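One letter stands for each residue in the lines below.
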Amino acid sequence: MTNLNRRDILQLLGIGVAGAALPGSAVLAQAGRDMVTIAWPSDVPSWDPNQRFSPDAQSLFKLVFDQPVGQNPDLSLTPSLMTEWSLAEDGLSLSFTLRDDVTFHNGAPMTAEDVRYTFYERIKAGHKLDIANSWRHVTDIEVISPTSGVFRFGSPAPTAPQWLAFMGSYVVPKAYMEEVGVDGFRDAPIGTGPYKLVDYQMNSRLVFERNENYWGGVPEIKTITVDVIKDTSARVAAVQSGQADLTINIPVRETQRLDKTEGLTGEINAITRVILLQMRHDGEFAEQKLRLAAHHAIDKAAISKAFYGGAAVPLSVVSPPGTPGYVEGYEFAYDPEKSKELLAEAGFSADNPAKFKMAATNGHFPSDYDIARALLQMWKKVGIEVELEVIEYAKYFELNRGHKLPAATLYSWDNATGDPEIFAGYLLNPKMPFSSWKAEKPGDEVLRLFGEPDYAKRIAGYQALNREATEMGATIPLLQSVQTLVRKSDLDYRLYRNGWVLGNSMKWG
Amino acid sequence: MSGPVVKLLMRRLLTVIPTLILVSLLLFCVLRLLPVDVAAMSLPPNATNDEIAAMRIEMGLDLPLIQQYGIWFGDMIRGDFGTSIHFRTAVSTLVLDTLPATIELALMAMGFATVFGVLGGLWLFYARGGAVEVGLDLGSVALLSIPEFLWALFFMLLFGVSLDLLPFIGRLGSGVARPETITGFLLIDSLLSGNMATFMDALRHMILPSAALGLSAAPPIMRILRSSLMDVYQEDYIHQARQRGISEGRILIRHALKNAFLPTLSLMGVQFGFLFGGTLLVEIIFSYPGMGNLMVDAIRNADLPIIQTVGLTYCVMVLLISIVVDVLYLVLNPKLREA
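These protein sequence lines are chains U and S, in that order. If you read the first sequence in the numbering used here, its first letter stands for residue 1361, the second for the next number, and so on. If you read the second sequence in the numbering used here, its first letter stands for residue 87, the second for the next number, and so on.
No wet-lab data here; the hints were simulated from the structure. Model, not experiment: these values are computed from the prediction.
Here are the computed lysine to aspartate or glutamate pairs in the EDC-like style, where the Cα-Cα straight-line distance is at most 16 Å: (1) Lys-1791(U) <-> Glu-137(S); (2) Lys-1488(U) <-> Glu-144(S); (3) Lys-1791(U) <-> Asp-136(S); (4) Lys-1488(U) <-> Glu-137(S); (5) Lys-1649(U) <-> Glu-1828(U).
In silico negatives: residues of chain U with every beta carbon more than 10 Å from chain S: (6) Ser-1453; (7) Ser-1455; (8) Ile-1504; (9) Pro-1516; (10) Lys-1556; (11) Glu-1572; (12) Trp-1575; (13) Pro-1611; (14) Glu-1705; (15) Lys-1741; (16) Glu-1800; (17) Phe-1810; (18) Ala-1820; (19) Glu-1831; (20) Gly-1869.
Pulled a few chain U residues facing chain S out of the computed Cβ check, cut under 7 Å: (21) Lys-1488; (22) Arg-1565; (23) Asp-1591; (24) Ser-1593; (25) Ala-1754.
Even glycine gets a Cβ: it sits at the ideal position worked out from N, Cα and C.
From just these sequences and the hints, can you work out the full model?
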């Protein structure tokens, strides 16, 4: 045997773990009342805010950039860079007035030329932008003065004000972008927003410093650090260990557990995201009774309780409560007996079950696959057998474009504006890739409402359409989704109904 | 010694080229088999079918596959790896920005694996024939069965949350200034800029992810070293050394370990390749901004240009590692040099 003793071996092993004994760095201790660290689940696709539509990135973009029109926490529109806007009666133009005290982070004033550049010139110049699709009907933006102008549309644009507050609609500085180029802008972005981006490590850390000249009032918090933490467990650990002051989108159970931890507050907030079943009008689901039977068999409250701690509100129309398209007092009943009756009328029974295929994602939104499996069980009880196919979210649009989605698809839809056009309008428009329902009814009505410039008539039209769509089984709304949020109890923030978590609304209590 | 090494280098470099061509072809073809419409993915969801068709032509997706490959390969030779579908940025920029972080992490993980593996192997050998060996053996099997992401979660919860000893988010703590980018390697750049506070902070941030990666790679090293030592101890020169009165410790360190280390070195080369693969999940868990993190984003968004380039980069790294191992082998083994 060798003469090495246990002490020698342990000493040798000690070398290996010596790193763990490195002295703590004083710079780690950053507790301060003028800074906040947020653990966020995703990064921005790039620092060109017009480039890619990404719902999760909006709270980050809104630190650096401003939108022409703002939203209150209840999602009603409010002046932002635009102090006034007015949609023409025919919906073919929108005149606007801008604030005269707004400057970009480099000190240059923000003017109507920047609005024209953002929503017209960049698109015409062929920049690869997602807003090119949402603003494709802009034929010109007339600059009347540095603080006023007119959008001209090729077809009625009744939701133009809502789109001015929606994804991608951030005003970028014309002169600066032309000077540094698109790549240069992405490397060193500037906006008119409440914070300046001072450090960016892709997929890791974003550091923002307060804009002391912000037109909307200087934010309370001086420095906001956003750690991009994609792993759910790591986000839980970050907020539990105190390395982050706030995080979102962690499991409901973890939120409830952390809420009981001293110094932390957990919230489960309903937001303007709906979970629904996208239906096809043809094939296995061509028979309306079968679609309605499938809907009556779903116990939405049980699904909410099982997967969202009961916080997800059961829906009967594809507009959540509090949004304009919501139909007050209307409820599509959970009624398994009615479901069985409808199935019998359609010629199906327990011995001769109705069969169809359903698609669902696994991991695209919280508990998606679990919900799909729960639906299968509920349907089985009434005599519907469903074959579940798991698809990647990236595949959804491709399958839908090719009209290759199965009879039903479990889907989640975000709409930060709350406007019904971006709920039922998009989800049931037969000409759009968001809808798997391609039939004339209620498709024709959707297309008509897309051109309805009168707000009251448009909203009334969508409320009626929402109800009709549910009653004919063109869609099966399930739940209003939730956003979980855990924060240090003494960190206040403004709760937005669309899930925005804005750094400039934060302050230590 | 330099002659054989140069010859070996030349020979290996010549084999690298066809290997890379083959791998690039394989990667390109396999990714084209995926049922993903790259043109549609590069446009917003509300793009029209006409816009998608136009994009398909713009991206050259209407051309025969072999022609597409030819264009891609030709561009690649010129250093143009395409533009990311999701980020709309040059892929080469994205990869070059993230590669140093992954290399740094993998090297430190390999350091951990080597220390754990070699010391563990020595301990296993030292304890051979006794009850301790059985325990250690079982322990190494248990370690072998735990994947790196479980170590990552365990370390994060133990050292990060419960004991609050080490940071586990990103490469630097909040408020710690990044050094000027010179090489892209944070540790080197902070040393070059004379910023020891940043260096120490970066080092502390690397401990948990590299330990998680290293610990999962250590058990095979441990076991192969033990087996090699056992083989070497059957050799005559070990008995002769004992007869000459050399101490057991000296025999082990000076005589046996050097020879037993050669097969271990080969395995370490293989393990280093696996370590690179393991960075994918570990980087996500520790929010480490490396190439693995980029790859996960690319896979989620079906960003084929990034997947292809990162895949090829992994291949290059593995080939480089195997060349380095071969050279080391040659340096450490005089018989090979003579041959």
